[in-house]
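Colleague: First to last, the sequence lines map onto chains Y and G.
Read in order, the letters of the first sequence are residues 1 to 797 in this note's numbering.
Read in order, the letters of the second sequence are residues 1 to 133 in this note's numbering.
Bear in mind the hints are in silico, worked out from the structure with no lab data behind them.
Be aware that a few hints might be false.
[As the list claims (entries may be wrong)] As a list, the in silico DSSO-like pairs of lysine-lysine whose alpha-carbon atoms are at most 27 Å apart:
no.: 1; chain 1: G; residue 1: K59; chain 2: Y; residue 2: K555
no.: 2; chain 1: Y; residue 1: K607; chain 2: Y; residue 2: K268
no.: 3; chain 1: G; residue 1: K8; chain 2: Y; residue 2: K268
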Amino acid sequence: MTADVGSVALALAFLTAVFAAVAALIGRNGDRRWIDISRRAVYGLCALITLCVVLIEVAFAGDDFSLNIVQQHSSIETPAFYKLAAMWSSQEGSLLLWAWVLSIASSAALYATRNRLRELVPYATAVMMGVAAFFTGLMLFGGGVDPFATLSPAPADGIGLTPLLQHPSMMIHPPMLYSGYVALTIPFAFAIGALVTRKLDAEWIRATRRFALIAWAFLGLGLLLGARWSYTELGWGGYWAWDPVENAALMPWLMATAFLHSIMVQEKRGMLKVWNACLIVGTFSLALLGTFLVRSGVLQSIHAFGDSTVGPYILGLIAVVLIGSTALIVSRLDDLRSQKRIDSLASREAVFLVNNLLLVALCAVIFWGTFFPLISELFTGQKSSLAAPWFDRYTTPLAILLVLFTGIGPLLAWRRVSWSSARRIFRVPLLVAAAVALALAVFTDALQSPWAFALFVFAAFALTGLTQEFWQGARARRSLAGGSTAAALVAVVSRNRRRYGGYIVHAGVAVLLIGIAASSSFQTNRDETLRPGESAKVDGRLISYERPTVSVDEKAFTFGAVLRVKQDGREPLTLRPTRRFFRPTGTGIGTIGSYFDGEATSEVGLKAGLGSDLWTAVQPDISSVQRRARAADRGFRRCVGGAPGVPAECQAVSRMMRAAAVNPSLRPIALAQITTLQGAIAERLARSYLDDRGPATFRVIVDPLVTWMWIGGLIALAGALIAIWPPRRTRRQPVLVGESEARKEAKYREIRDAELDHAAGKLSDEDFALLDAELRSEALEILDSQNGAKREKAPQV
Amino acid sequence: MDPQRKRKIRLVVALSVAVLLAAALVYTSFSASTEAKEPSQLLSAAPGTTYDMTGKVVKGSVRRDDGGLRFRVSDRDGRGGSLPVTYSGTVPDPFRGGREIVLTGQVERGVFVGEPDTLVTKCPSKFTAANDS
């Protein structure tokens, strides 16, 4: 039933996507009816795919194992939360998620632009729906990825979700990355629309900027969650490994970062149009590439790549996107050429351009390293891979330069900055940076790692510059409107969300990079094998293995250790790292030895602190337990075989099993008895581990400042949220906005921006006078053309 | 200097930097990379060269002693002979018999000696969604 309704809904969704694209193209010459119809079809598509998702989720919640997807990725035992999240742990479910998020984002984008961008929207709709048709079509015709495939007869239980993935951040992380990838479709689609219609001013950017920002934030959150999961769950103590799949998510994020900056230059100055078009095409292609990489076996990765049939199709889509967009950009080169030039290297747009180049270079390095196995195979016939040190060699200096320019950019005004203004703006940040450099050199051994030292100094420079921005903004606001400094700060931030939200993001990223630099350069990492009662000294801390712990249930053995940590001048603390060995799920009653055939997961013992983290993981020596488990299994087989001289409890079980063989209704009782007996044996094994007092290997990591990485990430996300949040004004602005009207608004905003910069002391009087005159004459031009247009129209009315 | 000329110079500088970076990338990547080989190719490998071994851990071959792990690795398709391996250092959670691994190391007297902390185990799940790090 579910499968039938779902299959029909999915087929309808595919047809609706195709229809919406066709209807939009029919209405391309401004036929409102067809445009409205296509927009409503997109809403309809959203409803249909939502229905599919709801059906799948209901099937998961209700343990409907007649659906293949549920049987493969869930079981009766799976906790409810993970049942709901299990959908996207499957190939077909993740494609459905892609389509779902795309339908939501497309609906939102078309709703937001329903009264704007008349010429452009039909083409953007066609692109978005083309992509939607691709993904829904893939599920229908791709072979083996139909989410509504059924099993007949329905099995009694499912295979379950691998325990390694049963971690909250692992469940949120994939949809975050997906939402990021998918939201990038929107600016891409509008860029294509702008190219086709030659409406290449900044209007398409204004309409979709927020989507690009949302995509950026989602990707960033996805990356952060993945890193956190790796740090706390994988038992190796790192958060980044330059694994191909990690890189696949990082590359579009870097490219989107570049895009978010360079579109500002196009908005303010009408420059970099070709560059922006190329960036968004590149970003979207990288997002598709990320989707492709996890579904193909082309690169070695710690991530399992499903043998999947959909890989080539996605590769085909990437090829179409790249070739089509390139051809379109080349054919529009004349329209894309901008009239203006960068006035001065000492201007915000020049620094943005430099930062853009750095980001793209970073992306290029990562791309090369990620795909090097394929490249080397092409040239030498050997698949060779590059390891983390190679990546670090390039990414470290590039990241450090980025921080430096991130510090410079916000301090400079648009267009040009005179020498006298520059001196005034840079004095405090430079002084603070110098003081920090001196303090680090004298009081710490940060100089041992010159790269990290440089990064700390540049970050101090950037953070001081940002603080100065907030301070001056608040002061300027206060001199205009009065009130307290705090109120002025809130007012200036909420009136210029995009600017100050961006500053907060910068601060967050600077803090995050400080955390990365400190923890990667000054980490102490030790492996110690200890017996209970023994201790080891790690970086000034005395770590004693007090005693082993163990617990066992039907699902898993959990071995642990109680570690006592003593450090001079600190309260002693206790850490309890554990390691769990899971029985394979979904196989019914297994042997005792099967406890050690399934997955194992680490639960690290972590004492997080603002100064440093103490991170511990344990690898218990379970060889003797495994040996005893095998012996116990042999004994168990002998016992149920009815061998003489076995304990009474065992004879009872074996009698019940023989009875169950004759009378199937007794089966559950027999099973319960076996489970109880096995439980008792497992308990005994567990106790024997405690009595052994055998050695365990501990990994102990002292990670300085690593907490700031997570804090920085959260600050950056908060900043992004501030920048995304729409100002109240546009939220109650339902009226139709003409394009020249929007352009005028943007110019007025620019004039207000310059006034704020002047009041904040960023622009000297002469600079401001010059800039203000320029901006006003540009605004007048717009007004003139508006009036001209009205006069031309007048006779028709 | 007229602005036209200035821009040309800037362009040339930017392009040369890009070319230099690209050349450095190409050069260092070929010298820094390690070849990936499967155990059957390593049986006759030259000693003293570092390789990335990719293959499947033979089920039931994993032994632990105080030095670390000893196990055997066969080709991914399970065919061909298997190669004895020693390894010390951290063992990723998903490691066990039957799993695909990647390990960096050298062949010494017919035994593949893994470098500490280079053992990578592929996630076992059917988790084909974007599942990074």
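Colleague: Does the structure keep K8/G and K268/Y at a Cα separation of 27 Å or less?
Modeller: holds, 24 Å
Colleague: Against the 27 Å threshold, does the CA-CA distance of K59/G and K555/Y hold or violate the hint?
Modeller: Between K59/G and K555/Y the Cα gap is close to 22 Å, so the pair holds against 27 Å.
Colleague: Against the 27 Å threshold, does the CA-CA distance of K607/Y and K268/Y hold or violate the hint?
Modeller: violated, 48 Å
The structure fails to meet hint 2 from the earlier list, while all remaining hints are met.
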